[in-house]
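*Asks:* Spelled out from the first residue to the last, the chains are:
2 protein chains.
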Amino acid sequence: MTQSPRIAIDAMGGDVGPEVMVAGAALSRAAFPEIRFTFFGDEARIRSELSKHKALARNVEIIHSDEVISGEAKPSQALRRSKDSSMGLAIAAVKAGEADAALSGGNTGALMAIAKVALRTMEGIDRPALSALMPTLGDNDVVMLDLGANTECDAENLVQFAVMGAAYARVVLDIERPRTALLNIGSEDEKGTGMLKDAAARLRAADTLPLDFTGFIEADRLSRGHVDVVATDGFSGNIAIKAVEGTARFVADLIRQAFTSSLRSKAGFMLSRPAAKLLKNTLDPNFHNGGVFLGLNGLVVKSHGGADANGVRNAIGVAAKMAIADITRKIASDLENFPKQAIEDAAE
Amino acid sequence: MTQSPRIAIDAMGGDVGPEVMVAGAALSRAAFPEIRFTFFGDEARIRSELSKHKALARNVEIIHSDEVISGEAKPSQALRRSKDSSMGLAIAAVKAGEADAALSGGNTGALMAIAKVALRTMEGIDRPALSALMPTLGDNDVVMLDLGANTECDAENLVQFAVMGAAYARVVLDIERPRTALLNIGSEDEKGTGMLKDAAARLRAADTLPLDFTGFIEADRLSRGHVDVVATDGFSGNIAIKAVEGTARFVADLIRQAFTSSLRSKAGFMLSRPAAKLLKNTLDPNFHNGGVFLGLNGLVVKSHGGADANGVRNAIGVAAKMAIADITRKIASDLENFPKQAIEDAAE
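Sequence order for the protein chains is A and B.
Using this note's numbering, the first residue of the first sequence is number 1, and each one after it goes up by one.
Using this note's numbering, the first residue of the second sequence is number 1, and each one after it goes up by one.
Excised from the complex, chain A in its bound form (with noise of 0.2 angstroms):
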């Protein structure tokens, strides 16, 4: 366990670049006075930044490299010019035990692609998923994966995720038999395609699991907070995730209308500026930044690529809280310890 987290950033994945990476990792000191920086990417751009942050001096370095992935490259084009691209790099950083995570703001499908050939799954796991908390009215936030690395899934990896998803909320939200349920659209059990319903039959039957598989739930129960982890393939994922950032936000936009639309109306919002800032703190995208790929043998975080400085300062502090609660090596023993004999009776 490492209180001096050493994160590795690709500084020119994101929509802006090392402005908003070298601007969030400045804030991020705050919370994680020790952390530890490694920039790769165009050393020009990267010093340049770095000036209007004068704090962040300290204990950070540069590795400078002309090659950037870019948004639109397939991952098979992104793996052939991963090796001195900045995102590749980073993650070759992680790989070599010079970083203790690689975050990138970059193409999803080519970081994965290219975190999945460097640090190779773990055992017992066959894809990696993109997890993420979301928050809800309950206690706690949900654990949501894949959120949209894998396209297409079969029920085996649906029931990898469960078991990765509930490894991670027993670390990062500290139950010790997460409340486990699978994503579908309706909650009977003779709901849903056949890769759901092999799927849940799988996870009723491993009942040595570390975690409580409580069956199906719709996406309008997501943020109810009655279950820990939610597994789901990549492509329900990303539209369900998707449809609750888009909403929060159209939300968001139809209370500033409403609420500024008389004066009378204007002067309520104001008075309850209090209310009005908590709502905005937890309804930005910014503020649940940094999704985590869960069944690698090494640490990598996605932040959005639209993200400002707020917005990688949340996702650098996920990489931080996984680096110091060792999340890699914790999920590979839990996996190791105990379900393993359960997944493969279960998969039978």
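Hints may contain errors.
Since copy identity is lost for identical chains, a pair holds within one copy or between any two.
As the list claims (entries may be wrong) - Result set (DSS-like, lysine-lysine): computed pairs, CA atoms no more than 27 angstroms apart in a straight line: (1) Lys83 to Lys197; (2) Lys191 to Lys74; (3) Lys191 to Lys83; (4) Lys191 to Lys116.
FYI, nobody ran anything at the bench for these hints, they're computed from the structure.
With chain A's structure known, arrange chain B on it following the hints.
*Replies:* Just chain B now, with coordinates in the frame of chain A:
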């Protein structure tokens, strides 16, 4: 075109039954004074509810039925029991030309199966789709389909959903060439499943279709008002719409908490009551209740199982408006006149 639409109501469907179905019908008289109802179900219970709504006594018929299709019934079971059920009888009334629309708050899969067998699909359409209007920040609502009638689809189904959705938008939103998109996990051409790429290629090639195909749309852009129609398979569509509904409710709950967390916030909330009311109307799922099955030779509207009397009123409003607009004939003639050749060309 009728100005006195006749609505066949399955009084037994939904979580509550006759109480909300009759109360919703009574409320709908305000907007549609000439509307006529036939209620199918337990005559004694319906009569007892009607006695509470004297104004409704005019233009109301009751057809007794003992059989109710349960929420758990599989489509195959529902079909076997359809003949004497309140749901089956309501749809039979549409088939017989005795009603202009059937409305039920019951089991969606059962409703779809019974409607498909009784009314059959329009020529050129393989599968009906459940569609609904969703609010946006733009000038118009967006038509979205399929929302759960078809768990698994192929590219041809998606093309047909796009064509039907565009015809629906033409009638309901009065847009000559609706901007039509496919729901996907990225907006770039290479994103998503083979099915989606195939459907996109067909729609792109079919430039004589009376719609503007705008490519892929991600779930966080649904409410932006940039497209008029979003076509998707029933699994993804159901995940998306439920994630939208659940988040809207989640945020509404947060607002309530936030604006009543302190005296000052509470005062602000009270002052902004007109704005809060506007917000509630836009966010209340009852306000948007009423999904239309498109692609059938007859009009069938699904009300949410948990809808209250206001929700049922709104679903009846959708049924009445569609009946007055003669949507079924208009979509059929749209399909017949323009795009058939184009669809076939595109499908090749």
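*Asks:* Tell me the numbers of any earlier hints that the structure contravenes, in ascending order.
*Replies:* 1
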